[in-house]
Amino acid sequence: MLDVRDLQKIYTGRHRNVEALRNLTFHIGAGELVCLVGPSGCGKTTLLKCMAGLLAPTGGEVRLDGSPVTGPPPGMAVVFQEYGRSLFAWMNVRDNVALPLRRKKLGKARERELVDHALEVVGLADAHRAYPWQLSGGMQQRVAIARAVAFEPKVLLMDEPFAAVDAQTRAELEDLIRRLWRELGVTVLFVTHDIDEAVYLGQRTLILSTSPTVVQEDLTIDLPDERDQLHTRSSTRFAELRAHVYEQIQRAKHHHGDREAPPADRSENLAPQTTKS
Amino acid sequence: MTRTTTTVITLVRRVLLALGLPAVLFAVWWFATAGSTDFYVPPLSTVLGRFGEVWTGERLLSDVVPSLARLAAGYLLAVVAGVGLGLVIGTSRVVRDVLEPVLELFRAIPPPVLVPVIMLFAGIGDTMKVIVIVSGCIWPILLNTVEGVRAVDEVLSDTCRSYGITGPSRLWHLTLRSASPQIITGMRQALSIAIILMVISEMFAASNGLGFTIVQFQRSFAIPEMWSGVLLLGLLGFALSLLFRFAENRVLAWYHGLRRAQRNP
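So the protein lines, in turn, are chains S and W.
Position 1 of the first sequence, counted from 1, bears residue number 7 in the numbering used here, the numbering being contiguous throughout.
Position 24 of the second sequence, counted from 1, bears residue number 57 in the numbering used here, the numbering being contiguous throughout.
It is worth saying that the hints were derived from the structure and are not from the lab.
Even glycine gets a Cβ: it sits at the ideal position worked out from N, Cα and C.
Don't take every hint at face value.
Unchecked claim - Some chain S residues judged to face chain W by a derived CB distance under 7 Å, without partners named:
id : residue
1  : Leu60
2  : Arg69
3  : Asp71
4  : Pro74
5  : Pro78
6  : Ala95
7  : Arg135
8  : Trp139
As the list claims (entries may be wrong) - Example chain W residues on the side facing chain S (calculated, C-beta under 7 Å, incomplete):
id : residue
9  : Asp130
10 : Ala184
11 : Asp186
12 : Tyr196
13 : Ile229
14 : Trp287
15 : His289
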C-alpha cells in the first residue's frame, strides 16, 4: 500500500546542510493504523510532508499502491497539527468540508450526502453554519477530520493532530480516530510525540531515532482490538509496551543515523547533525 | 431589559457618538460666521442657502455626475489593475525582484505632478482624468495586495495542495480571500486619494466637474457658492467612506470575528 524506501531528506541552507532524514524504509499495509513516534525534532513532520508529496525527498522514494509519489496523490488526505491554520477562516464549517469535494465533481446530492455524513460522524451535525473561529480547538480539529473523511481517502496522514488540544478532548479524539479507522477501512499513519498515544492508537508503532533519522524499531502493538481509555490504559500489557517505547525513545535521544554503518562519503569527525557545505 | 431594547440603545448611543463632533463643528462654524461681513467668509446660513440652488437641478447632471463617473472609472480600474498586478507580483519572487525598484520609483512621484505630463499624450478629456486617478490610487492597492498574497499561511497552502485545490479555485478560495483584509485596507486608502485626484485633475483642464466648478466660482468671486462646493466635496467623501465601511463589514465579517475570537479566547 504505502512504501517508503531509503528515504533521505537534506535541507540545503546557505551556510550548512541539515540532514533531517537519513535512511527510512518501512511499509504500511492497506487498512493498517500505524503510529510514528520519536524524540522531538526527529524530522517527523519532514517525513510526513515527503509522504504527502508536499516536499521532494533528496533520495529514495515513497510509493503509494506501487506508483511513486511526486506530488500530492489524489487518494490521500492530511490532517495537520495547527487546526487554526488549516481551516479557511472565511468559510463556514460546511464549506470547509465541501471545498475539496468540488474538484471530484460528484454531483450536488452526493456531495451533500458526504458532507452531512462526515460532520455527523465527528459529532458536528449542529455546527454546519458556524465559522471555525467560533469553535473550540477540539471542535476545529474535528472539522479538519471531517474534511478528510468526506474526501474519502485511501490513506489518511495525521501530523500530531492532537498536540494542541487539552487532555480530555484528546482522549475523545483518539477514540474518534480509532472508530473512524475501523468504520471506514482507511489506512492511517498517525504521527505523534506522545508515547501513550502511540501505544494506545495503533496496531504498529514505528519508533524513530533523532535526526538524521532512521527507523529505530518497528513494534507491533499486541493489545486487543477493542480499546477504551479506561481499561486499555490500565492493562499490564499497555504499561509494558509504554515502558518499552519510553526506553526506546530515551535510547533514541542518543542514537541517530550516524551510529549505524555511516555512509562512505561522510567523515565521522564532523558534528553529528550537520555537515559544512 | 430585553435584548432588542439593549441593541437599540447601543445603536442610538453609537449614532449619537458618531454624529456628536460633526454637529459641534457645524454649530461652531454657524455661530462664528453668523454675523460675518467678511466677503471671503460668508455666514454658514448663506452658504447653506446657496447649496440647494447651486447643486440641484442642472449642475447635478452637468458637473456632479461626470465627476462621480470619472471617480468610479478611475477607482475601479485601479482596483482591478492593482489587485491583478499585486497577485502576480506577490506570487512570483522573480517578478517581485525585477519590479520592486521600479515600483518604488513610480510610487515616489506625486500624482498631481503627472497631470501636465499625462495631458501631453492623453489630451484634456476624461481619459486624462481617469489616468490621473488610476496613477495615484493604484499604489496602496497594489502594495497591500502584494503583502497580503505573500502572507498566505503556509499550512493552509499545504492543505490546498494536498486536497488538489489548485489553479483558479486556489486563487479565489485561498489567495484572494486570505489577502482580502490587506486588499481592502489598500482600497480604503485609495478611495480618499481617488477623490483628491478627481478634484485636482478637474482643476487643471476641464469644462465641467466639481473641481472645475469650484475653481470657476472662486475666480468669479462667487464665494458662498465656492464654499458650498467645498462642503459638497466633504459630504461626498463622508458618504463614500460610509458606503465603503458598510461593504467592508459585509465582506470582512469573518475577519473581524476571527480577530475578536483571538483577542478573547
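Exercise for the section: Could you tell me which of the numbered hints above are not met by this structure, giving the numbers in increasing order? Expected result: 2, 3, 4, 7, 9, 10, 13, 15
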